[in-house]
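Engineer: Here are the chains, one letter per residue:
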Amino acid sequence: MKSRRMTRRGLLTTAAGAALLLGFGKVSAQESRPVWMPFDGFPPADSMAEGLQFLTPDEARTVGAIVERLIPADALSPSGKDAGCVDFIDRQLSGPYGVFSGQYREGPFQDGTPMQGDQSPLDARQRYRLGLAALDGWCRANAQAAFADLPEDRRDAILADLETGKITLDGIPAELFFEQVLANTMEGFFADPIHGGNKDMVSWRMLGFPGARYDYLDSLDIAGTPLRLDPIGLKGGPSWSADWVPPSAPARKG
Amino acid sequence: MRRLPKKDIVIVGLGWAGSIVARQLAETGLDILCLERGPWRDTARDFNISTVTDELRFDKRQALMVQPAQAGITVRNTVSETALPMRQWGSFHPGNGVGGAGLHWAGITWRFTPEIFRQRSHLVERYGESAIPAELTVQDWGLTYDELEPHYDAFDKLAGVSGRAGNLKGEIREGGNPFEGPRQNDYPLPPMVQTHGPKLFAKAAAELGYHPFPSPSALPSEPYTNSLGLKMGPCTYCGFCTNYGCANYSKASALICVVPWLLLQPNIEIRVNSEVVRIEKDGTGRRATGVVYLDGAGEELFQPADLVAVCGFQLENVRLMLLSGVGQPYDPATGTGVTGRNYAYQTPNSVTGFFENVAFNPFIGSGAAGGALDDLNNDNFDHAGLGFFGGGSTRVIPIGGAPISQRHVPSGTPRWGAKWKEETTRWYQATMSVGCEASSFSTPGNYLSLDPTYKDRIGRPLLRMTFDWPENDRRMSQHVVSKCTDIVRAMGAKHWEPAPIKGAWNTSPYQSSHVVGGFVMGADPSTSATNKYLQSWDVPNLFVVGAQAFPQNPGYNPTGTVCALAGWAGAAIRDLYLKSPGPLAPT
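Chains as they are written, first to last, in full-length UniProt numbering: chain A, 1 to 254; chain B, 1 to 587.
Okay, chain A solo, but in the shape it has when bound:
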């Protein structure tokens, strides 16, 4: 019987939310019926805790200088920075995702074929910590300033070179770092505001996405015109307040 690694601690690290499930399973594994507590839901952890949770102030500044170029402010929306992507990334890194909880993290780590996916031993926290330091190091050596202090067009050029791997960073492949930040920035910009980004649902307004609604039965017959609804998120939205005025009548046809 191989019980070598079958420790309680080992089980606790197998899945996000394992502590809750484990407590439940200990009971139900002995009982003849599954049991649960009334209202024992697990809503998303409050992502709006004050202050930085993982990033240092310098790192947060650099992340902000990146995300405001990945998603620049214009007539369509505020920048990724003003939309809260730095807060989003910081909260994600401070939680289970930051250590890639749930992913298969056993070695040996080795490079595979391009078809075999991400095989880096670095978790999300390490990718940011190493990548941000290396980016600033590269900028100080090659542009005589920290990344966040460079003008917009220079930052854009550097980001493009990270994307294509034209720049070599110390300790982390440039493309790996870039893809990590790009993916998380887009998540933060488009996710529900409860996770810290997409403040005031700016990306949803930009697209015309109505958000966390749950019933379109009265709109199924729309024949190719946009259904305009003010978006709502998991924590509600402006339309839930008493002084809200609808922006415009929904364009309906059909």
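By construction, these hints were calculated from the structure, which means they are not laboratory data.
Note that the structure is a prediction, hence the values are computed from the model and not measured.
Quick reminder that beta carbons are idealized off the backbone N, C-alpha and C, glycines included.
Heads up, a few of these hints could be off.
Claimed, not checked - So the derived list for chain B, only partly shown, Cβ under 8 angstroms to chain A, looks like this:
hint	residue
1	77
2	196
3	236
4	421
Following the hints, complete the assembly by docking chain B onto the known chain A.
Structural biologist: Coordinates of chain B only, in the frame set by chain A:
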């Protein structure tokens, strides 16, 4: 290791397959235990309407899937490569917990056509033995559509399937799928509403001479009380469907369609967070004595039983057989062995259309409400001279518009910056994809085995997948995509981007969770692991139920057939095996 009191029957896995087998056996009065690896799930708590519409949590962070840290796999394209772990789920999304992958599925509910079950015989009869490409290990299932039809019918009534029969007792009916096999009964519910995109698709397809019909859907079009007396609500087209649990008691699942009934049966016990690590056998190796599992506290327990039904997800079913030494492991060098043989996938094809002056409101959608056609599937068109067999079910099904994932821009668009934002905003409302969920034939080189290097958290080898697209399927993909492109053009798109499979199978982007085969059913023990009742040839008191039984994959979503097979296997245990325990088919 603690030995628990004996049970008559142990069922491993409580998704669709396990719950249907349990339902079939409940009225025997036997003492039945269901073991589920993952947690208990409850709609009101886990899919609460105030928390479920969270794309980050359910789609990106995959809250309903088993974690690779618990049950990962390794992947490679050919035997010459070193398999490496799929460190996060990519190409497919295995489920976890009560309800299994049938919680986050889309709800598209096909029946396979009669020819599928005689795939090799059919092709030989029509095209000749010499027309079968040497690279394909295509074979028959060992059972017929007519044998399975009552169980398809039972599943329609269990899941509240919505649609319109195209073949009712042999009569071809307007508005349904004219290519389907004969049905005893129409669908229990009428088809779902077709929104603007599917309407455009149906019109364009009909003009091109195809036979469009509403996609069959296990999301009820009306309030429904199922065959076990359980209630389902009508689908609200909320657009948080595939990869999400349903807050509305709409999307059919074991959790709402079967398990509440199982809980009322005094002879059925469910234990969750109970992961079976192997099947135990007696000294002869031909009789299962029970299962060893880890409970929620990590204690290893031996659960004796007279009969074991393994009903997990396809990957885990095959792995459990390999870990338990059931059947001879397949060896691609010699072509011998059956456990791991005939692994196949689903060939994903799509054409994305970019339209002008139209808003599709993509957020109004569901996993299965849309239009489909079957003209490009199976042998519904003549394959003589085409250089390939197979095809796919073609459809337009707007699954929702949650914007982390559901944003299409023309290729060549920058991935960030002002231009990216402009294009993203421009096209969000104005793209619609025609998909073709297509067949995947088995080959001698595509197979499942145990990985020699990578272990799970308790030291067991991971499952190793060796897979690449067969040449047959690459040609098929080119063909169906060219036909789908014609449809997109006829729908009025200004620009379109065909996406046939190309290059080697890439394990990273999501493609389909329709992994099949590896412990297949059949009539010949040298090429199948179970007989047509899903009973192990080698261990007759062991039944293995799931998509691992498919000898190859046709161009359909598999769940309807998995559930029909579960009903069929459960009935075989109840009506045949229990009356005369032993092999149900001659070797």
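Engineer: The structure should be examined with respect to each hint, and the outcome stated for every one.
Structural biologist: To see whether the hints hold, each was checked on the structure:
Interface restraint check for residue 77 of chain B: the shortest CB-CB distance to chain A comes to about 6 angstroms, inside 8 angstroms, so the restraint holds. With its C-beta approaching chain A no nearer than about 5 angstroms, residue 196 of chain B sits inside the 8 angstroms limit, and its interface hint holds. With 8 angstroms as the threshold, the beta carbon of residue 236 of chain B comes within range of chain A, its nearest partner Cβ sitting at about 4 angstroms, so the hint holds. The interface hint given for residue 421 of chain B holds, since its Cβ lies 6 angstroms from the closest Cβ of chain A, which is under the 8 angstroms cut-off.
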